[in-house]
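Protein chains: 2
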Amino acid sequence: MSLALDPAAQDLLFREARTANTFTDEPVTEEQVQAIYDLVKFGPTSMNQSPLRITLVRSPEARERLVKHLSEGNQKKTAAAPLVAILSADNEFHEELPALFPHFPQAKDMFAGDRSVREKNAALNASLQAAYFIIGVRAAGLAAGPMTGLDFEGVRKEFLDEDHTPLMVVNIGRPGPDAWFPRSPRLSYEQVVTTV
Amino acid sequence: MSLALDPAAQDLLFREARTANTFTDEPVTEEQVQAIYDLVKFGPTSMNQSPLRITLVRSPEARERLVKHLSEGNQKKTAAAPLVAILSADNEFHEELPALFPHFPQAKDMFAGDRSVREKNAALNASLQAAYFIIGVRAAGLAAGPMTGLDFEGVRKEFLDEDHTPLMVVNIGRPGPDAWFPRSPRLSYEQVVTTV
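For the record, the sequence lines run as chains A and B. Under this note's numbering, think of the first position of the first sequence as 1048, with each following residue one higher. Under this note's numbering, think of the first position of the second sequence as 1048, with each following residue one higher.
Derived by calculation from the structure, the hints in this document are not laboratory data. Be aware that one or more of the hints could be misleading.
[Claimed, not checked] Below, a list of computed lysine-lysine pairs in the DSSO-like style, where the Cα atoms sit at most 27 Å apart: (1) B:LYS1088 with A:LYS1167; (2) A:LYS1124 with B:LYS1204; (3) B:LYS1167 with B:LYS1204.
These figures come from a predicted structure and were not determined experimentally.
Extracted from the complex, chain A is given alone in its bound form (with noise of 0.2 Å):
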């Protein structure tokens, strides 16, 4: 059975593709990630909420108070990858609907009052979009690393504010030498998928 998707792209976003733990020093440019925001953008969300924020850790004085908060086994691939970003939620999405789902007017409304219903549907479509950002990334021909081994309360005071909540981290970059692990088993068609 073959996709519609061409092979070599499905072998750059999801079959060769793997999670990075060491990168080239070959900067990641802000066209670069332009480039990928402006194609993952378009992958849906409910009510095209569009919850992600992303923050880039630049200057090597941020990266410093990032790497802090990162679980041990993290730091030294952080500190050493071209590129970080955080992804957010932001919980306040619903002030940004009126202009991103302009046919219903009472969308942000319907948010306006209960914090766990929006940072409910803030936490599971920034979520999506974590993940079209990954394959974003992909696209763009380098590679991801994302990680939830942080303290997410420390990263959250540090780089955010009380409306956003961090997600991960993600090291962005060109794979370097030995940047992988053996692929890890995955489940089978039949342990995940059952028909009524």
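Add chain B to chain A, keeping to what the hints say.
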């Protein structure tokens, strides 16, 4: 700035792909779903947790049971879609970690104690995998119609169990006539990305 990914693939997965609201009668086969899974199973998750579970709703009887838990605006399209999938998070994913993350035998025990930690990990990582699945549906040349307008607890009780949390329902098929609304606006790069 051009990406490494072929422009036709960019169109197929992001730029021309749209959330479909109508579908043709062409069936979506088991082989197509298997090909989608065999591609997107490689998308990364924290510690290879892989908590996404997929329930394919194929029988007319099951379809009817699902439709009644959807918001009114979603019922007609789901009743008519060639295939409908319930995507859920397995909160007991840690049981599979000895197979999925074999080089770190303590992984299962790390998650054995606290259900709320498992739920948080399962929600994030199954959401990432839901996005990979949507991309995979598009890679198969099909349109996806992901929906969160539904009674989640009703769907859980009807099709799942206490250990599984539904994330969304996805209509799948070839787009039919007037399959989508005009594309809604997206946030600008400057609204989403900040640099520190």
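Quick rundown of the hints versus the structure:
no.: 1; hint: B:LYS1088 with A:LYS1167; result: holds, 25 Å
no.: 2; hint: A:LYS1124 with B:LYS1204; result: violated, 43 Å
no.: 3; hint: B:LYS1167 with B:LYS1204; result: holds, 20 Å
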